[in-house]
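**Q** With chain A's structure known, arrange chains B and C with the ligands on it following the hints.
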Amino acid sequence: MTDARHAVRKTGRHQAKANRQLLYKRVESMKVVKIDKKKWDQGLAALKGVYRIFSPVKMKDAFEFKALEENENPDLGGLNTRLSAKGLIYPQTEAMFTYTLDESREDHHIMSPVETDYSPRAVIGLRPCDADAFLLVQRNFDTPQYKDPYWIDAYEATTIVGLACENPCSTCFCTSAGSGPFNETGLDVLMVETKDGYILKSVTPKGESLIAASGWNDEISPEEAQKQIEPLKTAAEQKISSVVETDQLKNKDAMTIYNAPFWDDVAFACINCGTCTFVCPTCWCFDIQDETHKTEGVRMRNWDSCMFPLFTLHGSGHNPRGEKVQRVRQRFMHKLKYYVDKYNDGIQCVGCGRCVRACPVNIDIRKVCSLMNQPENATCAAQS
Amino acid sequence: MLGYIDKIREIGERLFTDGKVDVVIGFAKGSMPMMNEPMMARSSGDLQKMVWDGNCGINLANYLTNRKEKIGIVAKGCDSRNIVTHIIENKIKRDQLYIIGVPCKGMIDRRAISKAVPGEVTEVIETRDSIRVKGRDFDETFDRGDVLQKNCAVCLHRNPVIYDELVADPVVEQTGIDRYEDVRKIDSLSTEEKWRFFDDLLSPCVRCYACRNACPLCYCPTCFVDESKPQWVGKGIDDIDIKTFHFLRAYHCAGRCTDCGSCERSCPVGINMRVLTKKLEMDCKDLFDWEAGLTLDKRPPLDTYRPDDPNNFIK
Amino acid sequence: MDFMGIERDRLHLSWISSAEATKFIDVVGEVTAAIKALGPNTNFVKNKAKAA
Ligand code: SF4
Ligand code: SF4
Ligand code: SF4
Ligand code: SF4
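Residue numbers (the numbering used here), protein chains in the order written: chain A, 1 to 384; chain B, 1 to 315; chain C, 1 to 52.
Note that these hints are calculated values from the structure, not bench results.
Don't be surprised by glycine CBs; every beta carbon is placed ideally from N, CA and C.
Treat each hint with caution, since some may be false.
[Said to hold, decoys possible] Partial chain A-side listing against chain C, Cβ under 8 Å, derived:
hint, residue
1, E70
2, T93
3, A95
4, S112
5, A260
6, D264
7, V298
Pulled out of the complex, with its shape left as it was, chain A reads as follows (with noise of 0.2 Å):
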């Protein structure tokens, strides 16, 4: 699949991304239509016949992504899922492989495959930052030494319909961090909602394959729907509100802001839940455990976190990382640094701010990026 991978238009304001935009391919007929809203209902029984849809639906006080019954339709108006669409390709709990200890068979202490359905999955309405952080994780479960299998196999079964975001939080800072409101990057299709209905974009074959399925066909130029998209694009540009500087990360030392004397007030706080990592599109660290009942065992992996201790915990009992203070800048030194210098392509966030609004003691990425980003003019103080 690495081959296929070709070179890909470079479009908007995020050129400094060329390399994320390497790693999927889009096509150059895009092909648009427009969804009246009396239509929308039919052309989503159709995509239910050929996809498992997963949407953001309203549970109790949240949105929160799940796959769609056959009458449930998707919650579009709401504010942005409480945790991300990570999940869906990346679940917490994840079944690799299940082995018997039982003896009298022929199979025992033999890895057996799990039975998982990568049968096509569409998502739809998801934000365009969640998609952009697909490309992000990515980075770490395919690569052309290392190929995830779990992790590919669910990506390349999902098609993913991202819907512009119109209406942004006071926390969200995608445009600082090389994404936005109606980035393409990452997607198969953009969805724009308009006044009477919405307009759906293919950027990749993917997308076109979804929207022929769909039997949507009021097809407009592009240039028509460009038309029509731009000015609500400027206008959700300019309710962000957030601005974060990322400029410096690059060329400052990386021990010169590993030994930053504000590390201690940024962690003082911090109770090392791991709820930051946890909401994150892009965090992707796990833990694999064996779980035996009786005879029967399944291996699987659980989102792990850097900021608990017994993730870098040693069989020895040393702890490298042992302190709170460690962990904390552990966790921004990788999003902010370490990712930076490695892969040259921009901070490894993509400003969807749910790490903001769900941290219990208010740690706030935004705050610690510009410290990093000017480490000269912190001083100790670095509450301020």
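**A** Coordinates of chains B and C with the ligands only, in the frame set by chain A:
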């Protein structure tokens, strides 16, 4: 309550000048509406960043565990009770502390407010009795009493029970409050209904353990859920494992929990796990006439034996 | 336990001296009868970890 901050700064400054403390723990203004960030001032200059308002719901006693410095700490009623528990359990020494007591009128429930308005809250203006919230297309005002954190609404100890200095005159304590209505409601359900109630309550749990980590009581060096030899609990998202965590953690808080609400406040998915700790709190009250963290002079009930302890469960 | 949805009768606590053989027999009888009456426990049982 809004006027407290000048007094807090004044006391803090005096403590630094007199060399009575090395640090002062309090709250800094948050970067979002209805959020403040716990902070530690190392000099009187840092005190300028401190604030006091209705968003200081995190329990600061949690930041004291095993610290060695001399500490000034800003404490509401519940924080002070957890400080008492900390002292009793040898997690901090009384003479290390200078407790700046804050008579409290209750903290704001940010989730209740977010739920009650039609969009994202971008600005909050707090006055003595009201909370005005603004967003892109709304501007609403609530009575403070209607949007208190659930634990604050039923709090019986708003004034600090232990302090070196109060920042203001004590507030009037609430009376005639039924603390355990929710617990009795669950108690009256059938076994199956109870099981389903907790299934539903805990279903969104992501096992981040923010509830545990925000709790001043949960200071064990290795929590039972993190043990690997033996491993008591599975680590995935299995609902039995999730329940095991919650049920057992609640037991570990029996006779110690002050219902400060830090756990519920911290949960990223808004789970009210306090119904579990409150059940045990109610039992401690009924069986031992015990409320946690009120005095340094008595040992907690699970720590002591009395011949007349209730024992009718032994057959 | 009762509060979380496990029947109270599944847990018995008794104080029996090593000299009280008959009491022991009686209690064991009571416990088994009580649990048989409730039937197999279905809550709080995990046979296989749930995973996606
Ligand atoms: S969510 Fe906040 S308190 Fe929890 S680990 Fe992350 S930064 Fe620390
Ligand atoms: S670090 Fe925070 S803002 Fe950035 S992608 Fe993760 S959750 Fe979103
Ligand atoms: S269990 Fe919850 S309410 Fe009780 S002391 Fe701990 S954080 Fe406070
Ligand atoms: S804070 Fe909430 S989500 Fe996290 S472990 Fe506790 S109940 Fe579960």
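**Q** Now tell me, hint by hint, if it's right for this structure.
**A** For each hint, the structure was consulted:
1. Among the interface hints, the one on E70(A) is violated; its C-beta lies about 21 Å from the nearest C-beta in chain C, farther than the 8 Å criterion.
2. Checking T93(A) against chain C by beta carbon gives a least distance of about 5 Å; that is within 8 Å, so the hint holds.
3. The closest approach between the C-beta of A95(A) and any C-beta of chain C is roughly 4 Å, which is under the 8 Å cut-off, so the hint is satisfied.
4. Violation of the interface hint for S112(A) is found here, the shortest Cβ-Cβ separation to chain C being roughly 14 Å, above the 8 Å cut-off.
5. For the restraint placing A260(A) at the interface with chain C, the shortest Cβ-Cβ distance is roughly 40 Å, beyond the 8 Å limit, so the hint is violated.
6. The closest approach between the C-beta of D264(A) and any C-beta of chain C is roughly 39 Å, which is over the 8 Å cut-off, so the hint fails.
7. For V298(A), the suggested interface contact is upheld, since its CB lies about 6 Å from the closest CB of chain C, less than 8 Å.
Checked against the numbered hints above, the structure violates hints 1, 4, 5 and 6; every other hint is satisfied.
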